[in-house]
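The letter at position 32 of the sequence shown is residue 32 when you use UniProt numbering, and the numbering goes up by one with no holes.
There are no misleading hints in this set.
Cross-link-like lysine-lysine pairs, in silico, DSSO-like; alpha carbons within 27 Å at most:
1) LYS134 / LYS47
2) LYS199 / LYS47
3) LYS47 / LYS132
4) LYS134 / LYS221
5) LYS221 / LYS199
6) LYS132 / LYS199
7) LYS40 / LYS108
8) LYS134 / LYS87
9) LYS49 / LYS87
10) LYS132 / LYS221
11) LYS208 / LYS134
12) LYS49 / LYS199
13) LYS49 / LYS134
14) LYS132 / LYS87
15) LYS87 / LYS47
16) LYS132 / LYS49
17) LYS134 / LYS199
18) LYS221 / LYS208
Computed spacing ranges between beta-carbons, pair by pair:
19) ARG100 / LYS8: 51 to 61 Å
20) GLY109 / ILE5: 36 to 46 Å
21) GLU73 / GLY109: 15 to 25 Å
22) CYS211 / ARG100: 42 to 52 Å
23) GLN149 / VAL28: 24 to 34 Å
24) PHE114 / CYS211: 23 to 33 Å
25) SER58 / PRO125: 22 to 32 Å
26) ARG158 / SER7: 49 to 59 Å
27) CYS200 / GLN93: 30 to 40 Å
28) ARG126 / SER58: 12 to 22 Å
29) VAL10 / ARG37: 44 to 54 Å
30) GLU33 / CYS200: 26 to 36 Å
31) GLU39 / ILE5: 41 to 51 Å
Everything labelled a hint here was simulated from the structure, so no lab data went into it. Here the structure is a predicted model, which is why all the values come from computation and not from measurement. No residue lacks a Cβ here, since even glycine has one placed at the ideal position from N, Cα and C.
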Amino acid sequence: MVKKIQSKIVGYKVKSKEDQAQQEAARVIHMHETVQRPEKLMGTTYKLKTPEHISEHSLFITINDMVLNEGTEHETRRPFEIFINSKSMEHYQWIVALTRIISAVFRKGGDITFLVEELRSVFDPRGGYWNKGKYVPSLIAEIGNVIEQHLVDIGMLRSASLDEHQKAFLEQKQAELNDEVPSEEAVSSFPPNATLCYKCHTKAVIQKDGCMTCLNCGDSKCG
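Input sequences plus hints: build the corresponding full structure.
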């Protein structure tokens, strides 16, 4: 396409790579409140089974994601809304309120990962429960665990898995511990006298070399 310049040229500037990068960045769409919901969203549903004294029926947590900048190098998948369903009506009111608030935070954009720690720090005054070998302080906290898993799956959070050095450290501590106790007492994965770790909520904290260390996640009071 040829464009004829009608006026006199009084100056010019060659676009630099930085200028082009800024223009390209300006075209990148980020999640914000004014982004319109498309007709179709990608969703994942998680089944959350709790002990019967917490809820007789399972909770089904669905998180729908929006794909931003699809087909470009800036393509990202971001959560847009959350739905929590259950046959039990016992928790209906706070579940509806929670889903609306979380969905609003999702659509706000920015760093939403703070939601995970906020939810996981909620403790039930009646006491928590054990689920799949881990201590859960409340049903709200377990919903936070599900959101954390989802954010890891879509790349917004890094996996909490241990690196090779941490794994080697824990294996060494476990081996030293097994050498110190009779074989019949070392049947379980963690010692019977281990205490609760407030980071990974597993009874795996022991005192070793003067430090309280978790044999599950590696958290230590000595840094």
